[in-house]
Amino acid sequence: MAGPGAEVGALLAQVQEDLQQLKAKLRGISQGWESVDVGSLEDAIERTKSGLRKHAEKYLNAVNKSVLTISPFESTGPCSRQISKWGIPVEASQKEIVFPEMSSVSVQRGTSSPHVTSSSKQKVLTMLKLLSDPQNAQNRKVLNQNYGVSMPLMRKRKMAPVSPRRVAKGVTVGNLSVAPPSFHLDSSCSVLPLTKMDAQKGILSLIERGLIPRAARITLEKPLLLPKPAPLHEFHSKHKKRSTGGSAESKKTVAAMAPPRSLTSKGSKGTKGSIAPPPSCTSVVSLKKPKLLPGIQTWQSAVHSAGLQKTPEVTLTQGFRDLPVEFNIVIRKGNLDHGAPDLLAFKDHCCLFWGSALCFLERVARLLRDYAVPLAVVKGKKVMELLLDFEFHQRPTRQEFLSVIKNQVAVRKLLNRPGQRYRGQNGTEAAATKIQATWRCYTFRKAYINFRRRQWASGVVAISWLVRMHMVRVRKTLRESRQKHLENFYARAKHLAANWNRIRTSKRTVIHIPSLGYAQYVREATPDFAIHQGSQIGRLCEIQDPNVDVIYVCPLQLSEELRQYYRKLLGLQAAVRSGDPEDIADLQDRFKILTPEAVNSFSSRPLALATLLKYSPKTIQRIRNLIRGREAYIVGGLLHQDDLEVADVLDLPVLGPDPEVSRLYSSKSGSRRVFAAAGVPMPPGQQDIYSRKQMVEVLSQLIIDYPDVKRWVFKVDDDFGGNGTAYCDVAGNLECDPWVQKERRRYGPEAWLKKWAHEPALAKISQELPGLLAQHAKAVNEKRFPTWGKFLQTFVSQGGVIEAFPPSDSVTNLTVDMLIEPTGTITTVCAGDQIHADGPLRSSGTTFPQASVEPGVLNSLCLKIGEACRARGVVGYFSVDFATFIHPQTMGQQVLLYVTNGKLDSRSRRFEVQLAPKKLKFWQVRKEQPQAASQVTRCVVMSSSMTHHNLSLIYYSVFLQMCKAQGIGFDVQQKEGTIFMLFEDQKRHRFGMLTIGEHLQGVLMTFAHHLFIIYQELSAPNMHAETNFKGAVQDIEMILGVAEHNKLQFEEEDLQASKAQGLTK
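Numbering follows my numbering, in which position 323 of the sequence shown is assigned residue number 311; successive positions increment by one, without gaps.
Because the hints were derived from the structure by calculation, they are not lab data.
Note that the structure is a prediction, hence the values are computed from the model and not measured.
A few of these clues could be false.
Here are the simulated lysine-lysine pairs, BS3-like style, with alpha carbons at most 25 Å apart [to be verified]:
no.: 1; residue 1: Lys321; residue 2: Lys401
no.: 2; residue 1: Lys556; residue 2: Lys129
no.: 3; residue 1: Lys730; residue 2: Lys743
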């Protein structure tokens, strides 16, 4: 019998013969096992083992080439081979080989073999496994029971351990034949002969060795992959077990396994990749059907011949799209009718992937069943188009399910109906689940919201606490730092006081930082705050002393044009002394103008100059380089904490008081305390007012105490320049004033001094005052405080004072600049009368020397105020306004001293200059002795706040040329004329002006005339620019009128006095 069965039979016969020979040898040995030739036994066993292994491998190869089909009956035996996920059969191990029961296994003796039962077959298989494994412990027992052979006990040999560190060296692969070079060059050479060993290496090895040309066309006699169909079980039918007997059932099984013609033909036309999926582990030939193999072989040959035919490449999707038949599959109440003709026809068309198609249809039916859809028609063609996405992509959506339904409009309407899901399959359970889920969602959402609210609250508390603790640490660090700066400030001030007499007479460098350390709200409310700080550029004139070099820190960026202007102006010192205009010296090495680099970074914020310098390390380093090895100290403005930090960085003393002392006594309330301590006359008033009720009560009491005062002035503590000042005329507008005067006369002078007599009047005045102030009170700076309500809000928030306005129509305000040296010496620097260009309560300029107060009286008042300030720790420069307020003022008087080379006598209030003698021309004959320089008096009018917005339209060079053409200039020989102070060149709307003349009236007239000329040059008929020129001219005219009236009155008094003396004589 041909086939693998005959080989197995021959193998068993050979095994039997070998065992018979082994048995005969063992019988010949009867004396014991000690003399047995163990080597011959081992040779026989190894020969039997190798024979079994060789024939088993041949049998497995034969079995692997057979056609595998799915058995219609369940097999009780194990699988003959394993199938991987890619459809490639995986060879089983030797212990898993199952020999199928064949008719040729047993020896043919002319009779048919008896029927082998399942138990006997399993027993035979177990015996064969034991016989093929000599190492098995049951091998001796099986041989003894079946063949009567008693095998010796063979212990397992121990193999010598191989050292893992030993490396095998040498050639482990034999030499392979390679095509000679002539074979590639000569095209006439025939194909080289190939040995069996070369053929076993594979086609790729032959190509690499050159035995097969790379361009050769290789054709296999038998293709490696053969397309073959596999029948599938019905998805809805239950698999039945086959019975044990009858060959008719085998024929039915073979007939059932044979594929239909249509399926085979369509399977043969499939393209690459349309191979049927591999069978499962149960897809083996039944062990109980010996007549099944011939049928399978015949089917395999037919399939192989059909697969070798060349067919055009047609994709699966294209074939489905070209279907001429439309399958309408009806689904009633969510159930498929498996006997419907359309479904059966659709099954025949989708035989290759019927499992996927049926699964998709079941999913659609389940959706319709869940929503209680009574009838739906599914388009089979659309289903086939979606199967590819259904296989390889995620689960289909509801929209994709609805796209295969023919009546999808009606179905969609049912699906979108509220509550339709709960009318379908398991609707009650779904509704209960939905209710429970909704309730859980609500409760969990509510709990989550409460949790997040508590979490947010805890986060806010934690962040607030962290921020608070951080602020506490920062404040503590700042307090420690400022305390350290203050201690260093006092230590350096003590050293400066001890060495002041030596420093002021030796070579020194003075660093001027004109910083105004007001509070932030004051700086923000002051327009052009940087220009206010930069208007003190007159401090450069301190280089008049040959021992002084000046470093001026400017809060504004100065162009080269402005720097050149001040170089020329300060270079006039030699010309002023000699009287020769051409004698101009270069003094740019003695003064430096520095601008902090932080000005560009904080251009939009009004910061104090000391703050800008603190954040300018380059400027600080340059100052260090300029003062290295020289005596130096700082002259500030209104000191701030940043001034102390800058002084600490530069390690220099400051000529000024402690910032807290400076802030306390620079306010309006602090100045009244100083005046009260000094015992100087003060206007009636009250300080430290911080509420509206307190303001009304204080003003009511002042009106009762001082009925002759017609106007009351309100001043905010921290403001300067008249910005925080307002006034109200009470006498003529108070309706109850006649009644108060009547009550005063009724009580009499003595009784009226009692507080109980004032109570009815206080109640009536307090009731009327709020409306009176809201209607008649006016602020000096109406742009900042357009209404009384806004001024009152600032007044009560910052504090202020109420003072009586002098009861006179002509009021002269007097400003005195003083210096308290570190040693305690009090010096009056200068005193002058104010000019009011912007209003009666805002100073715009000063005239020197002052002529409104007797010098002796003024000196005594200033000395008392200086002693009171010294007792409170005030050191350095400060200004006192006897009429209104105190505030740091510019040092313009030093410009006055510098350009005239004169001296101001603070005792006699005389400003004297020395005129240089006239020089003779070269053609004039010297007839007389040269005259000595004569001493003459000069008067000065100075203003640092002249404003005209049209000035920004022209450059400073054009402006100076225009003034020169109009005859506005300065005479170096006579020391008379006008000089300009230019502050910045960006806005260019504000400048300073200084006029010097022989007497006060002439100087005022010259100043007013020059202002009028400049006004005409800058103004145009169709341009209305903001300016204060008119107010300055009007105030000067009023001063000139008062002076003329006083002059005439003095002349009349002198005439009357002379007549009286004549009559007496």
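Hint check results:
Taking the CA atoms of Lys321 and Lys401, the gap is near 16 Å; set against the 25 Å cutoff, the hint holds. Note on Lys556 and Lys129: the hinted pairing is violated, with a Cα-Cα distance of about 132 Å set against a maximum of 25 Å. Only pairs whose Cα atoms come within 25 Å are accepted, and Lys730 paired with Lys743 is accepted, the gap being roughly 17 Å.
The earlier numbered hint that this structure contradicts is number 2, and it is the only one.
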